[in-house]
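Visitor: Residue numbers (full-length UniProt numbering), protein chains in the order written: chain P, 1 to 549; chain S, 1 to 648; chain L, 1 to 523; chain Y, 1 to 99.
Since the hints were made in silico from the structure, they are not lab data.
Any given hint could turn out to be false.
Where chain P lies over chain L, by a calculated footprint (3+ residues, C-beta under 8 angstroms) [as the list claims (entries may be wrong)]:
hint	segment
1	57 to 70
2	141 to 151
3	179 to 188
4	198 to 204
The C-beta atom is built at its ideal place from N, Cα and C for all residues, glycine as well.
Here is what each chain is made of, one letter per residue.
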Amino acid sequence: MSAPAVHSLWTTAADPISKIDAPKIEYGQLSPTLIVIGAAVVGVLVEAFVPRRSRYYVQVFVSVVALAAAFAAVVALAAGGYGTTRAHIAAMGAVAVDGPALFLQGTILLAALLGVFTFAERRLDPEAHGNRVDSFAAQAASVPGSDSEKAAVRAGFTTTEVFPLLLFAVGGMLIFPAANDLLTLFVALEVFSLPLYLLCAVARRKRLMSQEAAVKYFLLGAFASAFTLFGIALLYGYAGSVSYARIAQVVDGSVQNVDPALAGTMGNDALLLVGAALTVMGLLFKVGAVPFHMWTPDVYQGAPTPVTGFMAAATKVAAFGALLRLLYVVLPGLRWDWRPVMWAVAVVTMLGGAIVAITQTDIKRLLAYSSIAHAGFILAGVIATSAEGISSVLFYLGAYSFVTIGAFAVVTLVRDAGGEATHLSKWAGLGRRSPLVAAVFAVFLLAFAGIPLTSGFAGKFAVFKAAAQGGAGALVVVGVIASAVAAFFYIRVIVLMFFSEPRPEGPTVAVPSPLTMTAIAVGVAVTVVLGVAPQYFLDLAGQASVFVR
Amino acid sequence: MENLIALLIAAPLLGAAVLLCGGRRLDAVGHWIGTVLAAASFAVGVVLFTDMLGRSAEERTLTRHLYSWIPVEGFRADVAFHLDQLSMTFVLLISGVGTLIHVYSIGYMEHDERRRRFFGYLNLFLAAMLLLVLADNYLLLYVGWEGVGLASYLLIGFWQHKPSAATAAKKAFLVNRVGDVGLSIAIMLMFTTFGTFAFGPVLAAAGDTGEGKLTAIALMLLLAACGKSAQVPLQSWLGDAMEGPTPVSALIHAATMVTAGVYLIVRSGAIFNAAPDAQLVVTVVGAVTLLFGAVVGCAKDDIKKALAGSTMSQIGYMVLAAGLGPIGYVFAIMHLVTHGFFKAGLFLGAGSVMHGMNDEVDMRRYGGLRKYMPVTFVTFGLGYLAIIGFPGLSGFFSKDKIIEAAFAKGGAEGWILGGAALLGAAITAYYMTRVMLMTFFGEERWRDAPTPSPAESDVEPAAETRGEYTPPHPHESPSSMTIPMIVLAFGSVFAGAFFGIGDRFLHWLEPVTGHAHGHPPVSALTVTLSTVVVLIVGVAIAWAQYGRRPVPAVAPRGSLLTRAARRDLLQDDFNHVVLVRGGEHLTRSLVYVDHTLVDGVVNGTAASVGGLSGRLRKLQNGYARSYAVSMFGGAAVLVAATLLMRAV
Amino acid sequence: MSFPLLTATAALPALGAVATAAVPAARRTAAKWLALLVSLATLVLAALVAVRFEPGGDRYQLTESHAWIKDFGVRYELGVDGIGVALIALTALLIPFIVLAGWHDADPQETGSKRWRPTQGFFALILAVEAMVILSFEATDVFLFYIFFEAMLIPMYFLIGGFGDRAHEHGEETASTQRSYAAVKFLLYNLAGGLIMLAAVIGLYVVAGSFSLQEIAEARANGSLQMAATTERWLFLGFFFAFAVKAPLWPLHTWLPNAMGEATAPVAVLITAVVDKVGTFAMLRFCLGLFPEASKWATPVILVLALVSIVYGALLAVGQRDIKRLVAYASISHFGFIVMGIFAMTSQGQSGATLYMVNHGISTAALMLVAGFLISRRGSRLIADYGGVQKVAPVLAGTFLIGGLATLSLPGLAPFVSEFLVLVGTFARYPVIGIIATVGIVLAALYTLVLYQRTMTGPVRPEVSRMPDLRARELAVVAPLIALLILLGVFPKPLTDIVNPAVEHTMSDVQQKDPQPEVEAAK
Amino acid sequence: MNPVNYLYLAALLFTIGATGVLIRRNAIVVFMCVELMLNACNLALVAFSRLHGNLDGQIIAFFTMVVAAAEVVVGLAIIVSLFRTRHSASVDDAGLMKL
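Pulled out of the complex, with its shape left as it was, chain P reads as follows (with noise of 0.2 angstroms):
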């Protein structure tokens, strides 16, 4: 909402209604975003009418086909141009169509599409009372192992309500990278912080862990968007408007017509400055980088794992996104102020999350500490601050989040009496038992270490090279220090699973459903092509590396 229209709205109180202009919102630009929430609202009556039995299929049902009628929303948004030369802002400057936005949208919506597969798993747990069971409680509300939980699982109930959270945490994340003003921004991001919040304490097994999880991200989210907020606060009273692109003009000083408050403001840099500092510090807690990322492992490790999969793709996507758009449309003026900032968030990111990882006894932290290691090659992408940058931070994220999810995917699979069998020691020798599965998770671990002809090398090379262009040679080396001591746990879970002898009482690895196998196997497709001809995928991204102003 820009100043002026604000006014005659405040003015108008006084004229005649018939005055009133609406306000113009392209529908058909935001349709992924709607179909999206739509799909979400009609999960929710789905929950309250459709009977019991049913719901399941109902509600994945909806999902799949809301997500994929999004996914196809925004391919054809791009077709038509709209990521390229017909990029604008739309819903009254609000909401940004362009490159980045559909790009990152795409790779959101194919990631929370595999989610959904891996959401509606019910193989992986032997059957209660003959109904098949998902990794979600049967009744989230009621105490573990009290009577009913019991009654509850008797009479098969399943939290069906999963499938509408995930789709407004998709909503709110198709929102967060598109945000073209403070406002926007904020409410997106609590759109898909809540759902997630909640499904993190919906675990059927390890049900503690699960709630604990939750209520730690809920209480460390809240409290880091309570930083945001105040940045945008102070943002706000920096540029006395919250969209991007007034504020852009403010900090780089090409604004007309100031008025007085505005002119006394404006020449309050530490607003600026703290402001600034206060809302990034709300993303990079999304994105998990040091010293922001305590949560990480501790929710990555008890939330149900498909969430932890779904989330650990979707939200680093979506924050990553959000950032790049703050600091390119918003912060470019002030590049000198935070590029130096951001080197040495990334440094520690980088070899923090490395270095931690080496010690990690379970599969499900170990991947935390991994991701956080990769947020910070991101944010070397990210400083690049040139086209490159924008585009090898696209192509890193697409490759990550689709070898994130198949990998969560695979962890799921590895099962003993007590559910997922998560602890490293009992992944020993799994190449023995079950080399296919092994072989799998083989390679995106190979793909997570960087190791060429995967995903994971020519993303770390985009990167790498946008950072070296961007003189930024110097961080390129950090991140090949850290890569090599990444790669030293990645290579210990492959010597565990092929090189150690399986333990006699060792987990069983569970035959899964077409759905978590079609996740799986995309990963690993995805993995390979982008590794071996990442070509074309580096053009759509290049092709969607400028934001819209």
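Using the hints, position chains S, L and Y against chain P.
Guide: For chains S, L and Y alone, kept in the frame of chain P given last:
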């Protein structure tokens, strides 16, 4: 004609290939194949020889370029042969004596189930040795040089199940390797100096470069020669090399291979002539070695080791002569040939004796054998007379000339060298007489069981000393063994006279080696007479010690010198302490360093990273509030940093 | 656009690997034969490459060039010079023997799941390595090379960690832990090197804006590309570090003894005779080709390191108690010679180094494979556990001795030619270093003969008294190698003819002339 | 009146809230402190809105309240379920996952 040259080498090489790859099915005929091919090579040699005689002294040289071996930019090594009088002399010696020893071995190795392989190795040796003397460039010579080293390694260690034999073989190869390093460095120097290492160009251009360079090259060649020819300081391997079968000792470690060093020096005469300092070193080495070998020869009770010492000493003579330059070259080669005859004969005789005494080598366990093995006695005796330089026999002619030449060097050097040579002659007479007496005369000490002596306790005891003792039954060897001995005896008797009278040999070689007549400070006659005198003295002393008095079956403790000489003048002890022990310590400490230091650094880094990880991990203490603290602190730092960036 | 021979040469083993891996678990023997046939077919293709290659022709021949990753400036560019041809031939030649020698190395001991197919995996991995090695010899695009340089670590890693000697002195448990330690060490060392190189590769792109060797060379030639001295040096170091780890050069060598000690003999051969050659090859093609000035700048240090490797490796070989570790340290010494020859910057040195790569490959293969046969008979790698073998297994002992003699570069066998060329080449420019290096000759004789004496000679130990001599299959592995050693020792001309022109190109890359002899001797 | 004072007050409240989050154990109280922080933001927003003479700030304030309400709903749900399983709302008791 040229094409026949290749045949010289091809024949024995083929033999080696067939015999070594042929497998057991050739066991029955293997030795015949080997002998025939050796003989064939000799025949070819004779043909070439007659052809050569047919031509005038100038165009007697034959060259044959087979193919370009290592063609690399600015570097050219060919497989090409160069047959002149010098090489021809060696060809005949090698293939001739070689063939005889093949024949001898047929009998000697009769009861060895690996006889086929033995002949394979012998043929291999012949091929390598012929390549050595026929090569027309130093690199190809190097191939033959190491080839004979390999053959000698295989043959010394032929009885590999005896640890002593295996060790001796290894030692021989290693010591030779040290010499080879000298040769290879010499070749590199030639390459950088002349841009080639073919005999023709190098020797032709030897004059065009600085003396320093030439001296360096010459000394490196000398080092090589020392290794191959067992000259001080690289002589230690020859004694142990006697672990090999006796025919091997006769062929390789007496007649041919060990003289390769002399060939190398004479062949490189042009270089040495231009480097007087190097020549001086050569003469010194020769003189020292001839005394050293002689002294060692006096102390040994093992007949073969005694002969080995004598070989060392005789080669010392040759090297001395070669060091004297054009004056000596011809005589060095002449002594080399005659020595080839009588020393081979002596070794074969020794072998024959051992054959009859079931492989006893300790001369103190011999005695009075002349009536049991007359042929051996006679041939051995003739060889003996030849080597001590009994007037009229071959040793007399060649050695006498060398002594003359040594004196002719003139000045103090001449006196010293000549004196050394004379002294050597005396000692030679002494120890050879000793051998003769202990073996063929005196009472038969082999009848009663031996008692191991304290002095010899470190030497590993002979087989008989353990368990029940059965005295041997000495007997004459089969004709296959005696015939070669007889032939060689002829050689040792007449070769000298044939060569020496009328300077036949001199005129034959002169075109190649060149010759200068020296003028000894004393007349040649005086030298000759004094030679004879010292000879008689030596023999007399030996007779006094071993002829009149009975020889104790157990070696007396003996004087300090004797004991030292028994231990090769402590040379091995030196090697052991300095090289072997030192080397062991060095390698052991290096292994430790590699494990702890080089590897440790890396492992240490890894460990420290791990420790850091463990410590950082503690921060993740599970308390939401502490996470919040880190976030709050992070936010504060972020803000502060941003403001700071603006401030600075 | 003719038939893409180079691609085919690499693609065949790659496809073969897939096919071999796909053979069902029960049909183990079929997988072996398939692998053997594929490797032989590859050998045929490699021979075709060697035939099609004209020594007199362009620098890079049989070239192929396709766009690949535009954004990274990466093209799929293949092409071979003489050096590449020689090494491709070596690789394709050795693999069949490696397969044949490892015939029973991967027969499953205990049965895991029915899907667990170690044998298929073993041979598939070998073929995969072959494909990647060949591609890295063919790549004329730095990035393309880098990809395979790194990617080949993974199959190697599984080969080292996954398959060990059948019996082991400390029982299976410790054996497997030692194996995985060796495998991890191998991977981390090389990965670290590779990642450092990655930084340099990126840097090169930032500086040169291209990965194509030809383009960069042209840019240098027409002066459109000038590297600042410091930049060039840093980039050079980045590249060289990776290659020095792979080669391996002292003090980055410690992974090799572990890897070669723990891996089965054929895999050890694969490491030292094939994979490590990529390192030295890359020094010649990339370090010298891309950073001539920096190469010259670093030469003194590198020569000293090479010298240390020669002496140090040999001394440690003398001190080893384990046959395979001994051969490993011997290899380190030999790699010292190769590096020395490369950086001596003379035609003889570099031709020698190239020949050395080939000859060392063959000789080490011969020695190590025979050692493997020996070890498989007795089930121990300790030298002390043997003695008097030549009495019971003369052929085995004989072949072992010949392999050893090749290792100590006896004249008449192939390694002598290369070693002498390296020495002469080095001596011509750096006499002192050349002379010190000759110490290596003596030490080589020492460790080889000591090894032979301790294992083969002396009284027959009871444990080996029943030892069978070489079987037909084993003889089929060793005999050709030995024949080749002799052939290349007596008549190396075919090889030198291919190599020399390439070396001349490298020499012109670094703008070096051979030192001229003092006296132009009269011809 | 100097708008900066409002800002100071907001900052003060925000800090108080943050401190509360850091020191209080009871999840509910912690959460209430977060609400306090949000309201501090609201104060700042409204102040700036007044200063700049446009309504954006006030609108955001409204959104913030809604968001806060939503957070309450979600947060209480989670906290209560945790409380029911553990019979304790102390954030420090939740320490299953660490290191």
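Visitor: Against each hint, give a clear statement of whether it holds in the structure.
Guide: Hints, one by one, checked against the model:
Coverage of a stretch by a chain is defined here by at least three residues with a beta carbon nearer than 8 angstroms to that chain's beta carbons; for the segment 57 to 70 of chain L and chain P the count is 4, and the condition holds. Against chain P, the segment 141 to 151 of chain L contributes 5 residues with a C-beta closer than 8 angstroms to a partner C-beta. That satisfies the three-residue criterion, and the hint holds. With 6 residues having a beta carbon nearer than 8 angstroms to a beta carbon of chain P, the segment 179 to 188 of chain L meets the requirement of three or more and the stated coverage holds. Under the rule that three or more residues need a Cβ within less than 8 angstroms of chain P, the assignment of the segment 198 to 204 of chain L holds, with 4 such residues.
Taken one by one, the earlier hints all hold for this structure without exception.
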